[in-house]
Amino acid sequence: MITLSVNGQPRQLKVPDEMPLLWVLRDELDLKGTKFGCGVAQCGACTVHIDGEPVRACITPVGGIGDGKVVTIEGIAGNRQGRAIQEAWLELDVIQCGYCQAGQIMTATALLTQNPTPDDAAIDVAMEGNLCRCATYKRIRAAIKSASGQPVDDTRNRGTEA
Amino acid sequence: METTRRLFLKSGVLAGGGLLLGFGLSACTEKDDPGPVTAVTDYVAISSDGIVTLIAKNPEIGQGVMTSLPMLIAEELDVLWANVRIETAASDDKRFGAQFAGGSMATALEYMPMRQVGAAARWLLIEAAARRMKATHDAFTTKAGKVRHKDGTTFDYGELAAEAALLAPPDPTKLTLKDPKNFLLIGKTQKGYDNPKIVRGEPIFGIDVSLPGMLYAVYLKSPVYGARLISCDLSAAKAANGVKDVFVLKGTDMHGLKDGIAIVATSWWYAQAARALLSPVWDEAVGKLHDSEIYSQTAKTLLLGEGEVKEKRGNADAALRSATHTFDAEYNVPFLAHVPMEPQNCTAVVKAEGVEIWAPTQQPNDGKALIAKTLSIDPAIVTVHMRRCGGGFGRRLENDYMAEAAAIAQKAGAPVKLVWAREDDVAHDFFRPGGYYRVRAGVDASGKLAAYISHSVNFTREGKIVQGDEVAGNAFALTVAPHTRIEFSKIETTIPTGYLRAPVSNALAFVHETFCDEIAHGAGQDPIAFRLAHLNAHIDDYNGDRFGGYNPSRMRAVLKTVEERSGWRSRASGKGEGMGVATYFSHHGYFAEVAKVRVTDDGKWRVLKVWAVGDVGNQIVNPSAAKNQVEGAVMDGIGSMSAEITFSKGRAVQTNFQDIPMMRMPQAPEVDVQFVLSEFPPTGLGEPALPPVIPAVANAIFAACGVRLRQLPLTEQDLRAAIDTART
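Protein sequence lines correspond, in order, to chains X and B. Following the working numbering, the numbering of the first sequence begins with 1 at its first residue and continues without gaps. Following the working numbering, the numbering of the second sequence begins with 1001 at its first residue and continues without gaps.
In short, the hints are calculated from the structure, not lab data. Hints are not guaranteed to be accurate.
To be verified - Below are the SDA-like pairs computed for lysine to any residue, each with C-alpha atoms no more than 25 Å apart in a straight line:
(1) K1312/B / L1302/B
(2) K1197/B / P16/X
(3) K1244/B / P16/X
(4) K1238/B / P16/X
To be verified - Where chain X lies over chain B, by a calculated footprint (3+ residues, C-beta under 8 Å):
(5) 1064-1071
(6) 1386-1398
Just so it is clear, CB atoms sit at the ideal spot from N, CA and C, and this is done for glycine as well.
Work out the full structure, taking the sequences as your base and the hints as a guide.
Right under this line is the structure:
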């Protein structure tokens, strides 16, 4: 029996140690917000926090987490930066298909926790591992800046007049 | 073909007392007997407290139709957006007409019908008020969910709904729609309806479906297309942790169920882990000669000869012989994978009395037919629930994963969720077909294009050009040159192919618009001036369909606008930086784009900024979503320039994202988007911004470093080698 702290709740699990955290979350705990994209830590869709650090749940065996505190997209609103990131995502209408966005939000929240006002270079480094197949990168960048109180050139509504 | 639509309404009362409008939508051509094929459905429901539920009829794949189509209804219905709730329609083409995400067609096809849906509901509510007050319609106005009589008497829609539902509906085509200058919603940004659910991680995607007693499945197929299963020892996998069953299924259809081995387990990971315990023996001989190297050599030989003539105008050979400047070049493009972020998946419950399916799909009703065929059952007992799709890009026009899930669930006797690993998705894509091209052109003494000849090598299946490919697209040069010939040769393939975002155009724009840049430079002309000189408003042969066809004056307008916005005329030719331009017309949309790139001597290239100007008609429905589509399409196009899928002995060599370079945050350029509003009806935006960015970048690379890029993908190594060669 493994005991895991997920979004502040202790959860009891009867699974093998090598089961990746991603599948524990999705299939055992029915937390479907964390997404499967590649299974090999190449796309970032499965990003969660363990003790505030962004990790790829698809390659993280559950048996190695120990007393690390897991936070998923379902629990990120409990984090001040997480809440700000969610709000900025909504305000700037970032999303197209939305599938990668849980991972993007988790990575962006961790970035703001470590660096409250990231510049473009810091955003590039932090976000490079998170693929967005719809390529909403321009708005993700703007939303991270907006959530960190930096000025944003919001062009969403420009260019649609005659 | 001109299509007219006639709408028929019926109405009824919802169990909850609200309004239910049923629309049967029948489309018929003017030539055909207009016998309506009509069925009934609901688009509008109003609760007694004024909450309005609108139906989104088409699949949502990130293109924003779940929000934009209900906006059209809400505009004419005259309700506050804050009071609108949106529900995805049932998959039922008899009730809703065509339901698909493809061809950037939703706006083009639904702009008027959805407004009519809203106007008809509003008419019924007014009629209910008119009957109460024994007054005529013209005594009433509506605003924000209320009907108001000129004497000041006001009714909430909610209190009229039950009465309105019992009335005979109007002919929606005879209703007066709003003057666009009075629009309150159309043309004003409404944020994506599902966005709050997405940022909270709510389970709204196909892969998130969960049913009581549900099992999980993987389906192992041969990576060689068309291979058959000879044998497989299932015992070790059957004994694995969490595994409930392992069984073989016989393939029936390359677009549906293929030969394979299903592993059914209590968690997806148990099923996936047991996969390593299977060592199937396949007959893979069918793939032996299907190899990228062989294809490439065959194509080279074919391009030395003549092809089969597809279309011709005038005498291209003679015009080429008498031309002042002549050009002759070979281009090629690779196969590409779709790789939407959400891997293919489907959840199925198969019982004798009916089949229920939950899937992310771009063509739900085709999926129904496929399942019926696969299971040999009546399609009428198949229900498909459309789920939000984690991207589509054309991959989910195919429903092969649905056929697999249904067949597995039938045999397993339990609800089953099938999820493909990413490696399954890459191996079993319906790829954008590669192609090889020889293009020749002549420019006369006046600097005008005199002749243009295109010879393509296209892949075929059983002699027919494969799905997702065509010989001739909408190339500008082929449209405007007085003497043209389009010919093609064939290479037979076993590789499954399909439609990738802006299909056909995403390859042909690169070939013909890069070549166009070569021609302009070779003839000593500015690439924009060269195009403008040919975009003659008198060419109207191509102005044939209701959305405008190829209209040179529309392309001219977007090209002139992008010239201004990008500062084209005053562009600096700084060391290692350059700007390139391209145009393309696809999916009824006109786009002209300018790219600015930086190239370094080591072959690294980076797109710094793209200016995209488009004409998609007289109205942008949802500005923020529209710009998001253009930004995304531009970046998708640039990202695709680094990717390729190659084949060895009939199987894809690449397996996952580590082999398929895609655009990521550090490569994302600035994108400046501008729409030019024309007098034509509104059309779609999922695709048309993509094709021109690829040649615009290729042409910018030429401007930056003098290397003419004629083949994709563009790797750093190739570019470095070309830069070195150009120097020596």
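For each hint, the structure was consulted:
1. K1312/B / L1302/B: Distance of about 20 Å is within 25 Å: holds.
2. K1197/B / P16/X: Distance ~32 Å between K1197/B and P16/X Cα, so the pair is violated.
3. K1244/B / P16/X: Between K1244/B and P16/X the Cα gap is close to 17 Å, so the pair holds against 25 Å.
4. K1238/B / P16/X: Within the cut-off at roughly 18 Å; holds.
5. 1064-1071: With 1 residues closer than 8 Å to chain X, the stretch 1064-1071 of chain B misses the three-residue bar; violated.
6. 1386-1398: This one holds; 6 residues, not fewer than the three required, reach chain X with a Cβ under 8 Å.
Violation of the numbered hints given earlier is confined to hints 2 and 5; the remaining hints are satisfied by the structure.
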